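Asker: Each chain, written out:
Number of protein chains: 2
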Amino acid sequence: MRLSRLLLASSLILFPTAAGAEEGMWTFDNFPIAAANRDLGVSIDQKWLDRVRLASVRLGSASGGLVSAEGLILTNEHVASRCVEDLSKPERNYVQTGFTPQSRAEERLCPGMVAEILTDISDVTARMHAAGAGLGGEAFIKARDAEAAKIETEACGSDKTRRCQVVTLYRGGQFKLYTYRRYADVRLAFAPEHRASAFGGDLDNFSFPRFAVDAAFVRIYENDRPVRTPGFLRWNPAPPQENQPVFLSGSPGATQRLLTQAQLGTVQDVTLPLEQLINSELRGRLLRFSHENERNAFIAGQAISSIENVYKRGFGRQQSLIDERFMAGRAQTEANLRQRVQADPALRQSIGDPWTDLAKLQEEIVRLYPGYYMLEVRAGGGSQLYNWAKDLVRGAQERPKANADRLPEYGDARLAQVENGLLAARPTYPELDEVQLAWWLSKVREILTVDDPRIAQLLGKESPEQLADRLTRGTKLGDPALRRTLWEGGLTAVQASNDPLIQFLLKIQDVTRSTRTDYEGKVQAPTDRASEALAKARFAVFGTSLYPDATGTLRLTYGRLRGWTRLGRTVPYATTFGGLWQRATGAEPFDVAPRLLAAKDKITASTILNVAASTDTIGGSSGSPAVNAKGEIIGANFDSTVLTQRNAYGYDPELNRSVLVTTSAVTAALRHAYGQSHLLRELGVR
Amino acid sequence: MRLSRLLLASSLILFPTAAGAEEGMWTFDNFPIAAANRDLGVSIDQKWLDRVRLASVRLGSASGGLVSAEGLILTNEHVASRCVEDLSKPERNYVQTGFTPQSRAEERLCPGMVAEILTDISDVTARMHAAGAGLGGEAFIKARDAEAAKIETEACGSDKTRRCQVVTLYRGGQFKLYTYRRYADVRLAFAPEHRASAFGGDLDNFSFPRFAVDAAFVRIYENDRPVRTPGFLRWNPAPPQENQPVFLSGSPGATQRLLTQAQLGTVQDVTLPLEQLINSELRGRLLRFSHENERNAFIAGQAISSIENVYKRGFGRQQSLIDERFMAGRAQTEANLRQRVQADPALRQSIGDPWTDLAKLQEEIVRLYPGYYMLEVRAGGGSQLYNWAKDLVRGAQERPKANADRLPEYGDARLAQVENGLLAARPTYPELDEVQLAWWLSKVREILTVDDPRIAQLLGKESPEQLADRLTRGTKLGDPALRRTLWEGGLTAVQASNDPLIQFLLKIQDVTRSTRTDYEGKVQAPTDRASEALAKARFAVFGTSLYPDATGTLRLTYGRLRGWTRLGRTVPYATTFGGLWQRATGAEPFDVAPRLLAAKDKITASTILNVAASTDTIGGSSGSPAVNAKGEIIGANFDSTVLTQRNAYGYDPELNRSVLVTTSAVTAALRHAYGQSHLLRELGVR
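First to last, the protein sequences are chains A and L.
The first sequence begins at 1 in our numbering and counts up one residue at a time.
The second sequence begins at 1001 in our numbering and counts up one residue at a time.
Treat the hints loosely; a few may be bogus.
[Claimed, not checked] Heads up, simulated DSS-like pairs for lysine-lysine below, C-alpha to C-alpha not over 27 Å straight-line: (1) L:K1160 / A:K600; (2) A:K600 / A:K142; (3) A:K461 / L:K1522; (4) A:K522 / A:K507; (5) L:K1360 / L:K1602; (6) A:K312 / L:K1312; (7) A:K312 / L:K1461; (8) A:K461 / L:K1600; (9) L:K1360 / L:K1461; (10) L:K1536 / L:K1507; (11) A:K507 / A:K150.
[What the hints assert, rightly or not] Among chain A residues calculated to face chain L with C-beta under 8 Å, some are: (12) L203; (13) L272; (14) P273; (15) E275; (16) S280; (17) R285; (18) E462; (19) L467; (20) R470; (21) G474.
[Said to hold, decoys possible] Using C-beta positions, here's what the derived DEER-type ranges look like: (22) L:R1348 / A:A331: 53 to 59 Å; (23) A:T485 / L:D1591: 52 to 58 Å; (24) L:N1336 / A:E363: 24 to 30 Å; (25) A:E431 / L:A1456: 53 to 59 Å; (26) A:T565 / L:A1456: 39 to 45 Å; (27) L:V1366 / A:E138: 41 to 47 Å; (28) L:T1565 / A:N498: 44 to 50 Å.
The set of hints was computed from the structure by calculation and includes no laboratory data.
All values reported here derive from a predicted model rather than from experimental measurement.
Here a beta-carbon is modelled for each residue, glycine too, at the ideal position from N, C-alpha and C.
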């Protein structure tokens, strides 16, 4: 919007040279300290940055912040909810009751959860560029993957207490080696009832005003003792003020701000609509499944939240992509950059014309994306059992190979990650997997069409429903001991297994792997090469004061606690518990969580519950600690507004708002609703 | 494609003055006899046209053709399948077995089915234009509706053997009074197993090559005797030849070829995506429901076919709308017309600038369409019980008013139609209605958002699931006698009813009616006025040799039996039974219907089963008799290809193909698989 409004207001040709105030999900090694201090009227420094970085925790695809010297981490309930479900059974359901231990001894392991803290960043751009130089197609992808695996293994070996990851920034303009301290014993320390976090359900998701106690605590352990974390963020439960400066430190997932117009056209016309349409059908299947009985409602809870979240995010993005004023800004930015490159013969010579290269490539993407998406990205439809079978089969096939020859996700430095998910003692509900697999198999057949030869290899003579039924009824992979036996037994054990899911995954490796290789060689490689050229052009023209697209790695963004005005309606920056009582109807999803409701008389109605902030965030920022200029934690990000989904494509200071749960609200809930005095003491709250 | 290819091939500015060869769904009173004779090398005349018109039958939103002197009508199995389901029970299921009476006495009434034959067309344009002159907004809509009701009642009164309908053509450029002979006693005479018609299921729907015996017979009765129909189309079972001329006479539903670029943009970005996304979710809910058990699979069969058909059609249209080459032709046509108007001061003066008027209106449509669509167009989500309750409540509220003041669907001349549907003795399955209502209510809330005041009026404090459950459990409207009592008892009886669905419909009338009125006044009226001006411009520039958009009324289209070539692949014009045996896998949906399969050795493998034709069709053309130049029937249209969904926006001679089942195939099936010798005798086949 920023650009397009300016375009409407003037006929000047603009040459944006850097991000506007409050825009940007910055890497910690390129954070604009001076600009942030100027914009916010504060004075943070490198020491502040280092401290905040070391107190920021990646939790899978979400975030958290250290809040005590004994490894306690504040995150969102919706980040911990998979753990809460894993620890629950239909008959003892922490999702409904909350998980409220009375002492540290009662904290319980979250199956598969890993916490990572970023300890070091080093530049490996030269090595990665050299590895791909002069290559194209699948050879380019293989060479790059091999170099990344080599760098990671050189740095971390198979040390399970560290994780080394080669991170692609600026779509290939830079590569950095990120080294994390890794903690694989993460325990649930507190979660309210899911209802407290999900008040308003899917309807209020991606909205503000909002009334959600979307907070939970986990704790990192080593050798069965809490990890010492003296550099934690001090808990500040004071009511946050309007316009107060705020920083969010977390791991936003993925933005697409550096895509060209041609690439965005494909997102708008092809990839996003495909994803939305089939996800919408999965949503329908899961909703009906969950309505069948209470057990199914319990089983499908997490899968439904997840698909509804993905769907609504996509819906918001579709709205952004048809907002002509908003998108005009992007088009203008691209035109400006092209013009600058065009006007500089040396630059033109070294850059070439990546815009045209990418535009020409789109027809190939239209042709290959559906198969790649269905057979690789969405394979299994989210089925946990399928994913385990895939890791067992591919892991067994890849591990005997030299590190550099493997699929990158099975490189030595990444195996700890795979093992962690595979061997986690999680409950399974094959009836849910059946819904997911039947959906996936039927959509693969529909989208690739029945005459695609890959379909016969996938289905044989069975219908999607028959196959899904047979696989989920017959598999024993729900047993973690069996998974461990197969993992440790390697390819011999896997090939000897008569488990139908293992057999199925073995059977479809040819078709899924060749689809992936085809896409990587024909689409990913040329896209990466052109993107690298584009990044060079941007650095040459605008300098290095640019932030890269989000990639699920640690970033810092800054802004203020602010509401907004749109179409004549002004939304204040904060909501209170009083607002929650008012919005409640008693009927789902507007029923207040019972333990919160029981504390209604004790919680001061004016206590600030949620706030909006002009920070620049995207999915994955959930749980990011909200930090003030003094380095104290004042809340945790848990959502953004649906209008903010345009954040995937660009930042709009008038409308982009992150949504946070405040430490003041968490303090009140811990004290009055959940009796967590031991946690309050640990947080230093009287 | 036609236009865009020309545009690519030359830089001439084109002024298309009339439709190209084989393009157009022509009205019978403006059929281009000379052009058709020239294009096809045949010599039809007005007498031929009259005879074909009087042998063409509208069956609800589909078509059929008279094939004997005793009221026998050939249509598609998928057109009759609602009737087959209505006559079936889970334990005696004609959907599975086929309906194969051995004599006329066994033919059975299709509940609610009506057959209509167009007997007269007269021009009422002047009256309709005069009625709306000088008016705007809701007043314009009311005046037009009142005038149409007046014209219809003047012509038909409440004569149930006739139907009078004021038909809007050229989006308001013309209005015609269509008078039909109406038959409300339509009986099922033959249907194969549904599997014979639906071989390939949703996967093969909208495709060719195709292998479907999608044919059924119904018969019209009066006073319990077959109607005498001496003007029938003679049955010609000879194998159809490639490039043979063919005419289709049927009632195509709706095309959007006269929409402006701005209107198409709204279809592409707003209305079609909304519909596709929510229909996709309904599809998922219904599929899961049908997977729960065999009974549910039976119950939901028709609803699933219907939603999958709508979804796939929408999918094809979305593909067309992003086909730049195809859509460029439309843009050019519009630019040409604007230029011609611009160049003619008198015309410009009388036409104004309807393009700009329509463009400005789109923002209002974006704002109002979701509410109108959800609360009026899609209200009830397809629930039969809901639709009955709506007709009872609205009918009771409207009938006491003067004819001209009513909602037009309850005008005197249309009440027979309403009654017919309402009082039909159809089975109901409230568990299916519950799925449909829960879907609808939850989508209304999601799309309008929970803070829209209409939602509170709709749901009160109940959740969509609770409300759907309460309404479908409590209603007694499945009983046709109760529906008759309430219909005849009028408003007093309806208001006194404690049926929860009736009470719900009464409660929501304010909100649904005001949403409709708002949309009609702010969107429909200005759209109609601008469209009228556009039609005037087209007539002025191009003369009257234009065909109007399809509107569910009788049309004639012509072409040849032809395959096509695309991306180097050539598809022949015909398929055979031999091809069916080859494509069969035995697994659903590629399992051959049992009775057909049992006749495999008797049916000559080279018998032509389905053919493709270059005729110009769209949804609603299903069952259209395919007639040769001698006026003999050679098949029935039942589908088109998915590429043909662009037909909504324009005709493409290279790719547009209708798909027909041949009389040769039907003859072989009747004889060898279904033992219908009495029907074969009636068809005059030895």
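Asker: None of the hints should be skipped; say for each whether it holds.
Answerer: Each hint tested on the structure:
1. L:K1160 / A:K600: At roughly 65 Å apart (the allowed maximum being 27 Å), K600 (chain A) and K1160 (chain L) break the hint.
2. A:K600 / A:K142: violated, 59 Å
3. A:K461 / L:K1522: With Cα atoms ~54 Å apart, K461 (chain A) and K1522 (chain L) exceed 27 Å; violated.
4. A:K522 / A:K507: Distance ~24 Å between K522 (chain A) and K507 (chain A) Cα, so the pair holds.
5. L:K1360 / L:K1602: violated, 64 Å
6. A:K312 / L:K1312: holds, 22 Å
7. A:K312 / L:K1461: holds, 24 Å
8. A:K461 / L:K1600: holds, 21 Å
9. L:K1360 / L:K1461: violated, 39 Å
10. L:K1536 / L:K1507: Since the Cα atoms of K1536 (chain L) and K1507 (chain L) sit roughly 43 Å apart, the hinted pair is violated (cutoff 27 Å).
11. A:K507 / A:K150: violated, 30 Å
12. L203: Holds - the Cβ of L203 (chain A) comes within 8 Å of chain L, reaching about 5 Å at its closest.
13. L272: violated, 10 Å
14. P273: holds, 7 Å
15. E275: Violated - the Cβ of E275 (chain A) stays beyond 8 Å from chain L, reaching only about 11 Å at its closest.
16. S280: S280 (chain A) check passes; min Cβ-Cβ to chain L is 4 Å, inside 8 Å.
17. R285: Holds - the Cβ of R285 (chain A) comes within 8 Å of chain L, reaching about 4 Å at its closest.
18. E462: Check passed: Cβ of E462 (chain A) comes within 6 Å of chain L, closer than 8 Å.
19. L467: Where the cut-off is 8 Å and the nearest Cβ of chain L is about 10 Å from L467 (chain A), the hint is violated.
20. R470: violated, 13 Å
21. G474: Because about 18 Å separates G474 (chain A) from the closest Cβ in chain L, which is outside the 8 Å limit, the hint is violated.
22. L:R1348 / A:A331: 53 to 59 Å: Since R1348 (chain L) and A331 (chain A) have Cβ atoms about 33 Å apart, the given range 53 to 59 Å is violated.
23. A:T485 / L:D1591: 52 to 58 Å: violated, 40 Å
24. L:N1336 / A:E363: 24 to 30 Å: holds, 29 Å
25. A:E431 / L:A1456: 53 to 59 Å: violated, 36 Å
26. A:T565 / L:A1456: 39 to 45 Å: Given about 25 Å between the Cβ atoms, the range is violated.
27. L:V1366 / A:E138: 41 to 47 Å: holds, 45 Å
28. L:T1565 / A:N498: 44 to 50 Å: holds, 48 Å
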